Structures are given as structure tokens and as C-alpha cells.
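K.L.:
Every number in my numbering is 764 more than the matching position in the sequence shown, counting from 1.
Please note that a few of the clues may not be correct.
[To be verified] EDC-like cross-link-like pairs, simulated, lysine to aspartate or glutamate; straight-line CA separation at most 20 Å:
# : residue 1 : residue 2
1 : K789      : D901
2 : K822      : E811
3 : K789      : D900
4 : K789      : D837
5 : K789      : D775
6 : K839      : D775
[What the hints assert, rightly or not] The calculated label-pair distances, taken between Cβ atoms and stated as ranges, are:
#  : residue 1 : residue 2 : range
7  : F873      : S792      : 40 to 46 Å
8  : N770      : L804      : 39 to 45 Å
9  : Q885      : A803      : 41 to 47 Å
10 : I769      : F866      : 38 to 44 Å
11 : F866      : I836      : 36 to 42 Å
12 : I906      : Y776      : 25 to 31 Å
In short, the hints are calculated from the structure, not lab data.
As the structure is a computational prediction, the values presented were derived from the model and not from experiment.
Note that the Cβ used here is the ideal one computed from N, Cα and C, for glycine as well.
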Amino acid sequence: METFINWFIDDYLIGLVQSIVSTEKRVSIFYLFSAIVVALFWAFSVEKSPTWRDTVRKLFSRQIWFSKSSFIDLKMVLINRAIMIILAPLMLSKIVLTTAIFFTLSDYFSNIHGLLSGTPQWLAPVTYTIFLFIFDDLSRFIT
765 METFINWFID DYLIGLVQSI VSTEKRVSIF YLFSAIVVAL FWAFSVEKSP
815 TWRDTVRKLF SRQIWFSKSS FIDLKMVLIN RAIMIILAPL MLSKIVLTTA
865 IFFTLSDYFS NIHGLLSGTP QWLAPVTYTI FLFIFDDLSR FIT
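Produce the entire structure from the sequences given, and follow the hints as far as they go.
P.N.:
See the structure below:
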């Protein structure tokens with residue numbers, strides 16, 4: 765039981781705290797702070813909110829922070845972290861296997877020119893970035 769508690773604290777809880785302060789995550793404190801700044805800007809410039817008190821009351825209302833959507837977001841973060849901890853060893857072993865296969869096939873096929881070997885070098889990363897950006901954003905709207 766003690767190993768489970770140590771695992772829970774060391775991997776799960778510390779990982780959650782790290783994701784809250786990491787600027788790479790959308791649930792970070794910095795992301796929430798920037799959202800509050802945008803909301804304040806919107807309230808005072810677009811909506812012409814009369815007072816700070818009304819704006820802060822709207823921004824931090826229970827209807828927003830304790831809504832179904834916010835609880836679903838919280839559940840998603842907790843479940844996602846648990847799934848990633850469980851799957852991390854499997855993914856690590858797949859990365860090792862994939863890397864080994866890549867180097868083996870690279871040695872085997874090193875003398876064969878690819879179909880797109882004449883294309884500019886910048887085309888592959890630009891195409892990858894565009895497709896990743898489109899499909900990543902598209903998947904967020906579909907799900």
C-alpha cells in the first residue's frame with residue numbers, strides 16, 4: 765500500500781502540479797491568467813462594463829467556475845494524467861522499437877532514392893506543421 769501512496773504522490777500529484785505551472789499545457793496558471801486579462805479587456809473595451817466590481821463578480825461567478833463544463837474539464841485533466849501514467853511505459857518501449865526499426869531500415873535502404881527526394885528540404889516540415897495544426901484544431905472541434 766505504501767508503494768501505491770508513494771507512486772500516487774510522486775508521479776500523479778506532482779505531475780498534475782507540474783502541468784498546472786507548465787506553459788506548454790492549456791490548463792496552466794499562465795494560460796488562465798492570460799484568459800482573465802483578455803476577459804477584462806473585453807469587459808472594459810467592448811462591453812463597456814461600468815465598474816470593476818461588476819466585472820469581477822461576472823468573471824469569478826459560481827456559474828462560470830462551478831459549471832458542468834469546468835467540472836468536465838477538471839475530470840479530463842485528472843483522467844488524462846492517470847491514463848498517461850499507465851501508458852507511459854508502453855509508449856516508451858514502442859519508441860525504442862520504432863527507433864531501432866528506423867535505423868535498421870535506414871541502413872538497409874540507404875542507397876535507394878525516395879520518390880520525393882528532389883523536393884526542397886523545407887517542404888516536409890512545413891507540410892507536417894500545416895497538417896498537424898489543421899488536424900489538431902479540427903479534432904478539438906469534432907470531439
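K.L.:
Which of the listed hints are broken here?
P.N.:
Failing hints: none at all.
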